[in-house]
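Here the structure of chain Y is known, so what remains is to put chains B and S in place on it, guided by the hints.
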Amino acid sequence: MLCRYDCGSPEHQITRRSLLAGLAGGAMGTFGISRFAVPAVAEELKSAQKRVLIIFLAGGSSQLETWDPKPNTDTGGPFRAIPTSVPGVHISELLPYSAKQMHRMAIVRGINTAEDDHGQGAYIMETGRRPDNVTRFPALGSVMSKFVGPADSPLPGYIHIQPGGAGYNKQDSAFLGPKFASVSLGDGNPPPNVVRPESLTESADRMRNMLRQRANERFAARRRTAETEAYSYSYEQALQLMERREVFDVSKESPQDLERYGTHDFGRHCLLARRLLENGVTCVKVTHSNYDTHWENFDFHIEQLGEFDRPFASLIGDLADRGLLDSTLVVVMAEFGRTPRINAGLGRDHWSRAWSVALAGCGIQHGAVVGKTNPNGTQVTDREVHGGHLFHTYFRALGLDSKQKYHVGGQPVPVADQTVGPIEELLA
Amino acid sequence: MPDRFWISSCAGAPPSLACSLVLLFSWSTAAQEPNRPLHELIDEHVSAPWKTNGTTPAALADDAEFLRRIYLDLTGSVPSTAEARTFLDQPAPDQRTALIDKLLASPEFARHMSRVFDVTLMERRPDKHVPANEWREFLRIAFAEKKPWDQLVREILSSDGADPKTRAAAKFFLDRDAEPTVLTKDLTRMFLGMNYQCAQCHDHPLVSDYAQEHYYGIYAFVSRSYLFTDKKNKNLVSLAEKADGDVKFKSVFDKTKTEHATGPRILAGPPIAEPKFDKGQEYAVAPADGVKPVPKFSRRAQLASLLAVPTNTPFNRNIANRLWAHMMGRGLVQPLDLDNSDNPPSHPELIELLASQFVAMKYDVRALLRELALSQTYQRASWLPETAGELPPERFAVALIKPLSPEQLAWSMMQATGVTDSACAALADKCTEQTLHDRLAGNVNEFVATFAGAPGEPDVRFQASLDQALFLSNGGLVRGWLVPGTGNLADRLVKLFNAEQFDAVADELYFSVLTRRATPDECAEIAEYLKPRAADRAVAIQELIWALLTSSEFRFNH
Amino acid sequence: MSSTQMPQMLSTNFTIDPAQTRLAAEFKHSRPLFSCRFDPTGRFVFAGAQDNLVQRWDLATGQRTELAGHDSWVRGLAFLPGGGCLYSGDYAGRLACWPYAVESPQPMRTHEAHQGWLRSISVCPDGQLIATAGNDNMVRLWSTADGKLVRELAGHNCHVYNAAFDPTGRHLVSADLKGVVKHWDVATSTLVRTLDAAVLWKYDNSFRADIGGIRGMSFSADGRWLACAGITDVTNAFAGVGKPVIVVFDWLTGRAKPPLRPQQDFQGASWGVVYHPTGVVIGVGGGGGGGAMWFWRPDEPQSFFTFKLPAVARDLDLHPDGKRVAVAQFDGVLRVYDISPKPAA
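Protein chains in written order, with our numbering: chain Y, 12 to 439; chain B, 104 to 661; chain S, 3 to 347.
The shape of chain Y in the complex, shown without the other chains:
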């Protein structure tokens, strides 16, 4: 039945003015139909299922204790560097398991984001843009949930596993709309309200939904709009998600895996991430807390990286073993790095001038190390890049055009900072 309402499809957008009207009136992104006025994007939606895994080392992990060690220097600290599975590439001795996965990974060592504030730094790394007071851009997970997520998935497209906190973060998706908001699994617990309450039997739920649908059919006979349809459909999505709720239960994984990943939070969260990715969630972000080591940086990095190293390496290895790594873009990032200078409390402070990010998976050149810093890590000496370059690189790694544009309130907005381009050396 041809819809009799202004559903916002390209056929209706004949003038710029009605484009403004339609988009502003709410026709963007409801129940999975692409509303972009750019045909190329719809094509990309049909490409093979891809995924994104983001590991966020909250607080700002030290690049000198991870991906760009400088042993035996005035800034290097007491740790040594160890060889990895890529000849010539060394990382911190605190990452022995990750070192064995380096042949699946790449490192960018020349990052200069020039932003030492936690919130602003995180924004740059998540959105590929510098913060301004004009537009809030969507986070990587929301963006990719929209671009590479299947249109009709019963599972949320972007799930964030973090210590503490729960709910739906609409800021993440910004102008893309709540459909692409991140769903937070606080402490790895399932999203709120995904379990049918005990007092509600399955049959009662079925009956009442049947009544609801009948009421909606009657109403739709006379008053059917894109919005009423989207609303009605959201219940079907909710029911589908409820049926799939076991996907959030990491205890259903094998005892061997539970042991291998570890009983600490980050370990369980990585295993849950594997589970979600395998079950069709487009983008999973795992936040590991916390790395803001202004005091006793070395002791704390032993502890935090001790939690990080083995589960992360297991995750990379498992994704590879299961044939998923080639279609999963993996990014290990933080909001910034840490100062080469060691302060009086044996700590390192915020530092965004010369730090590192690690990547793996889809479209990434195995074993690549891009960018260099000087001997004591105080400066980038080769191939300096920032969040904008990285954002382009994510698009290209996933096989997407990083020069395309959104249409927001009638204005074309590039998906990535157009003053820079992708880091070609990182792309396979």
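To be clear, the hints were calculated from the coordinates, so they are not data collected in a lab.
Glycine included, every Cβ here is placed at the ideal spot set by N, Cα and C.
Hints may contain errors.
Pulled a few chain Y residues facing chain S out of the computed Cβ check, cut under 8 angstroms [unchecked claim]:
| # | residue |
| --- | --- |
| 1 | 83 |
| 2 | 85 |
| 3 | 177 |
| 4 | 298 |
| 5 | 304 |
| 6 | 306 |
| 7 | 307 |
| 8 | 311 |
| 9 | 314 |
| 10 | 317 |
| 11 | 353 |
| 12 | 355 |
| 13 | 360 |
| 14 | 429 |
| 15 | 432 |
Chains B and S only, in chain Y's frame:
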């Protein structure tokens, strides 16, 4: 012209009392040609293009449609079962007009307007320096006392937050940290209906009217202001202002990088006259450590008297457009903050008329809303017969379907399920709009968290997300309202079930939840549903209520 | 972090007057200092720093000699009684032994003693055994004769920060990140008891990490008291917001006395503690407010004197003459302070 027009518009509609009333009305007003009421002029303007573009409008809404719609738009909630029954079962002549007047005079109206304008002006930003409830109370009192819109805006723009009596009004500035780029963007959007944010770095790339110098003209009013924290009381943050600081700007598109300067001005208007002071004489209270400076001439103080005045046409157009959009579901200028010559209003003369009339009404919000509510445009049905073609919404030939705001949804669900009435009964003779609101307002928070957009973003789009569906399906809050309890809807329905009065169940259910009578088919369906459920009747009743509560018919204002 | 010492006294007049504390000597290095010890003869002071070297300064001449041979920072420093041999341990887990009094000391017998940081070394008073403690949660006993491993003491479940023999040499104490203090019988290598200094540890729930550790440890000369230095009352682990404190155990009963705290509010940690033969407890530390040295009388929980240091202090040692202390400081300077009464004019 007018008489024939009125008759023809009723011909296609089912006979109804409203239709006859319109005929009656048109006779009596025909004689007052020079002083025709605004709502008639509205309908004229709206219907004028229909002959040429072949539009057959929807019929007028029936009483049930009108009743629910007017309650939602003016009080933010569906009516009580009793109010619904009275209006629908015992119609009185001219009852629509009487209802409009009653609702406009009600305390619920002031409360609803305070919520609507809170969201419009603060976009659900988290509290920073002024608690939301103080600000909302300030707005509520303003609407209760019929404070003219221009006066309200001038108060918002002129309070510095230092005086406790006027502090709440300063939330607009204070909670944006007096940050000039944010303020410029929001002042132009919310009070002038123009989104100037892209004109910060260059003339607006798409809108030729929005020049960079206009942006900085507004910016110059606020760029010298900043937040000042009292040394003794760190919680007391107010607005301070320096006596110096000139606004200069360059366009990023200008290769010559020419620098321009501007003083404060309202868009294309003249720059304001600024007195010159000798060096060292600029301050009434000089800046010092811990001392809030007071310049002899405050740029920010000029803003209120230049922006919120009848001579500022964009100011008038903006509020007229927003009030129109509130009632009709869409602005004459759409989006609401993109008024410019490349985005003309759907009805240019009408918006000008509304703007000038609003000024003539001395910015009386109630008066304008009254005229809007009385118009046929507002009172149209929201559906068209099968045979009608597609109708673009900007023709206003059929009423637009509007999603309920998170607040409307919460309050309507509480009303429908009987939570509101039970709370009122519990308060007994202390039950007033205020006490009832205070008692139940906490229930609204989860709805806002689940249904509202991101803070700091305009609430323009409806998006149904599955977390909302999960909240309404499995969340404890709404489920609790469905459980039969003293006098609530579930309880009343169970009692009717016990008496085997299934038709009465349908009747009470539909009046309470959907503000209308059940059709014969719906009655039959309910009877068929309930009859086999004697063993778990309370459960079956809850299923019924839930199904209607979560239906599209409830979720939307139609 | 370890600071375990057995004051070898050269004189018997130990009268001190902390209120007259004055700088006696300054020895400068280019990197922040990390640890310090006087040798048993009192001729030299040794210091580890944020590099792979051990500095040796001759107290009389000021001459500096670098001892090179480690692969990471050196925190553990201890001497064979009677002199001659210095044991040092680094954060690469390596233990080295040096004939330290020669002109250019070279390391003999270097070997890996721990996986990860070697944090502390203590030499048994009879000179037969040394104990090392480290980040592999282990305490190890080594023969001083041939350097071979004699015994492994397992039981800690987190980093062991400090180990110390008591003055008799029959008992060994090891203390870890979580404030668990284990008392071992040296002869049988069995665990005798566990003392609780958990007040020196906290798991910070917002940063999700542990902060703590017995950073300094000292037996009183008569073996009756054991002082443990660290940080407590932590409100923000990653900013080091907490308070320096010394927990003192009654060795006989195993019970903790009321902890010793600086008299004035101080934000930071205590990194070193020594018992003076007079019974006065001396502690050093640092944090947001810089560095400080505190003095406590026995049985008085509040310090009776605070000496402000020019920089955060990481370690402390008492000179065999009982009149001077060495403090290793963040500004790279090893400062020797005279705490004895000033000679009459």
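Outcome of the hint check:
Checking residue 83/Y against chain S by beta carbon gives a least distance of about 6 angstroms; that is within 8 angstroms, so the hint holds. Interface hint status for residue 85/Y: upheld, as the beta-carbon distance to the closest one in chain S is roughly 6 angstroms, under 8 angstroms. Interface restraint check for residue 177/Y: the shortest CB-CB distance to chain S comes to about 17 angstroms, outside 8 angstroms, so the restraint is violated. A least Cβ separation of about 11 angstroms between residue 298/Y and chain S goes past the 8 angstroms threshold, and the interface hint is therefore violated.
Below 8 angstroms, beta-carbon pairs count as interface contacts, and residue 304/Y has one with chain S at about 6 angstroms; its hint therefore holds. The interface hint given for residue 306/Y holds, since its Cβ lies 3 angstroms from the closest Cβ of chain S, which is under the 8 angstroms cut-off. Restraint check, residue 307/Y versus chain S: the minimum CB separation of about 7 angstroms is within 8 angstroms; hint holds. A hinted interface residue such as residue 311/Y counts as satisfied when its beta carbon comes closer than 8 angstroms to some beta carbon of chain S; here the least separation is about 5 angstroms, so the hint holds.
The beta carbon of residue 314/Y is positioned within 8 angstroms of a beta carbon in chain S (closest approach about 5 angstroms), and the interface hint is therefore held. Using the Cβ-Cβ criterion of 8 angstroms, the hint placing residue 317/Y at the interface with chain S is not satisfied: the shortest such distance is roughly 10 angstroms. With a cut of 8 angstroms, the hint placing residue 353/Y at the interface with chain S holds, because the nearest CB-to-CB distance is about 7 angstroms. Proximity of residue 355/Y to chain S holds as hinted, the smallest CB-CB distance being about 4 angstroms (cut-off 8 angstroms).
A least Cβ separation of about 10 angstroms between residue 360/Y and chain S goes past the 8 angstroms threshold, and the interface hint is therefore violated. This hint is violated: residue 429/Y has a C-beta 38 angstroms from the nearest C-beta of chain S, more than the 8 angstroms allowed. Because the beta carbon of residue 432/Y sits about 37 angstroms from the nearest beta carbon in chain S, more than 8 angstroms, this interface hint is broken.
The earlier numbered hints that this structure contradicts are 3, 4, 10, 13, 14 and 15.
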